[in-house]
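Assemble the whole structure, with the sequences as input and the hints as a guide.
So the protein sequences, as listed, match chains A and B. Numbered per the UniProt record's numbering, the first sequence spans residues 1 to 485. Numbered per the UniProt record's numbering, the second sequence spans residues 1 to 95.
Quick caveat, the hints were computed from the structure, so don't treat them as lab data. Wrong hints could be hidden among the right ones.
For each label pair, taking beta carbons as the anchor points, the in silico distance ranges come out as [stated by the list, open to error]: (1) 54/B <-> 323/A: 19 to 25 angstroms; (2) 372/A <-> 92/B: 38 to 44 angstroms; (3) 38/A <-> 42/B: 47 to 53 angstroms.
For glycine and all other residues, C-beta sits at the position ideal for the given N, C-alpha and C.
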Amino acid sequence: MTLFDLGLREIHNRLHAGELSVTELVKDSLQKVGERDEKVKAFLTVDEEGALASAAKLDEKLAAGEERGLLFGLPAGIKDNIVTEGLRTTCASQFLRNFDPVYDATVVKKLRAADSVTIGKLNMDEFAMGGSNENSSFYPVRNPWNPDRVPGGSSGGSAAAVAAGEVYFTLGSDTGGSIRQPASYCGVVGLKPTYGLVSRFGLVAFASSLDQIGPVTRTVEDSAYVLQAIAGHDDRDSTSANVDVPDYVSALTGDIKGLRIAVPKEYMGEGVDPQVKESVMAAIRQLESLGATWEEVSLPHTEYALAAYYLLSSSEASSNLARFDGVRYGVRADNPDNLLDLYLKSRSEGFGDEVKRRIMLGTYALSSGYYDAYYLKAQKVRTLIKQDFDRVFEKFDVIVGPTAPTTAFAIGSQTDDPLTMYLNDILTIPVSLAGVPAISIPCGFADDMPVGLQIIGKPFDEQTVLRVSHAFEQSTDHHKRRPQI
Amino acid sequence: MKITVEQVEHVAKLARLNVQDDEKEMFAEQLSAILQYAEKLNELDTDNVEPTTHVLPLHSVMREDNVRESLPIERVLQNAPEDEDGQFRVPAVLE
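Take a look at the structure:
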């Protein structure tokens with residue numbers, strides 16, 4: 001039991017009534033991190049001093065009766081690829097093991113404005129490349145439901161810290177499924193907003209046309225609150241969409257009568273574990289009993305998404321990661337012969353194998369003579385994949401299916417073969433290429449491991465995604481089950 | 001597409017990476033497997049398909065040409081492995 005089990009509203013009430021202080025809430029979080037993270041390994045950096053100082057300030061604000069922010073007093077964790085001024089930010093890479101950013105990401109500023117408290121920085125696959133957290137160059141995160149299983153990735157620390165009750169909510173980043181897949185494996189709620197809804201300023205770029213920051217929470221309502229706090233246009237991110245941010249919390253009406261659900265046959269086919277399929281079908285029938293209708297549809301280019309994604313994301317990564325050169329920040333190799341040698345040695349010593357593999361793949365795909373065959377071809381296939389979604393959304397409100405083909409797999413079971421590892425993201429990647437919003441919410445268990453339901457919406461229609469998720473969640477008990485740690 | 005050890009060396013050089021001899025074979029095999037998988041895209045006729053570089057309709061964003069506050073030099077240099085006289089220091093570029 002943690003204070004977090006009370007939920008956001010009850011915490012607000014108790015703070016307001018003087019029955020609870022922010023300092024108590026933050027100390028409870030720090031204590032849970034101390035006890036549980038020995039096993040879970042979700043955190044890379046814990047900022048006890050900073051968190052207690054923020055808590056004291058918020059308690060003063062509370063005593064003075066000042067207006068409270070949307071996430072007042074709530075302890076949060078931030079994925080370690082989102083820069084935090086003065087607080088170590090490593091991207092789980094040896095290259096940045098000594099990096100202390102000199103400014104805050106826009107989302108970090110927004111969380112502060114909403115009065116949440118940053119407890120620390122969360123473990124991840126190095127530079128967000130991976131789906132199991134085994135690519136962290138420090139130590140792998142463990143799944144709170146079973147320490148021999150992976151938590152998923154790349155935002156594995158973000159999902160595990162929430163599942164383990166160490167912090168109230170976290171921020172992750174999703175390029176090809178990096179919020180949704182770990183949320184699925186850890187039995188929590190992970191939302192990837194529409195590309196452009198949340199500012200990427202201060203998110204260390206992996207694949208700029210795909211990266212998006214989003215919340216990981218225990219409940220859908222909390223997801224709506226955190227999204228409310230971080231969404232919105234930012235003139236420091238030129239790809240940030242200039243759209244009005246609606247009221248997400250008021251969208252949670254519980255009413256989904258007449259909702260039209262599409263279930264892609266490609267998401268329920270071969271390669272998807274029968275128990276996962278069964279949980280997802282049960283969830284669809286549950287949504288039907290709440291007044292929705294559903295139909296099977298086809299997203300015919302699904303099978304091409306993975307290949308297109310790896311070419312595009314690796315190409316963008318090879319360009320983005322050129323900035324890590326050992327000149328302005330990060331580690332510099334000792335005794336370089338000359339400037340070229342400094343680049344070569346610093347990068348080779350600083351990057352892990354998966355990062356090198358993707359940089360080389362991307363460099364190859366962009367290199368002279370291969371650009372049209374690989375990069376341009378992948379961009380064209382991206383168009384076909386996006387059109388698949390456009391077509392389905394002409395007739396349906398949401399698309400529903402599993403988040404991942406299986407539940408969390410055993411640590412070490414897939415590390416030998418990069419391609420096998422990539423297949424875990426086969427149901428999240430098409431959504432990322434289309435840029436549309438999607439959430440993963442708990443929808444059952446298979447052999448005591450959580451199964452995630454993916455709900456995909458139209459561009460900038462997070463309200464419907466959250467409304468459907470909330471209606472499902474409130475009519476089931478899956479989200480109430482807690483891992484034994 | 002089969003990637004040779006020589007191609008791994010070439011791409012590594014372009015990407016400013018040193019790859020150890022014992023790693024070259026591994027990367028050659030893994031990159032070959034991934035590119036072979038990517039051949040799948042050739043099953044699709046994309047002759048009349050426009051490429052998607054971005055999902056949003058983007059256009060260049062201009063802002064007023066006003067001077068804004070920037071970071072002080074010592075903060076910018078705070079994470080530099082080596083600096084001198086307010087600048088990043090690197091080994092000599094010209095011999």
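Okay, the hints, checked on the actual structure:
{"no.": "1", "hint": "54/B <-> 323/A: 19 to 25 angstroms", "in the structure": "21 angstroms, holds"}
{"no.": "2", "hint": "372/A <-> 92/B: 38 to 44 angstroms", "in the structure": "39 angstroms, holds"}
{"no.": "3", "hint": "38/A <-> 42/B: 47 to 53 angstroms", "in the structure": "50 angstroms, holds"}
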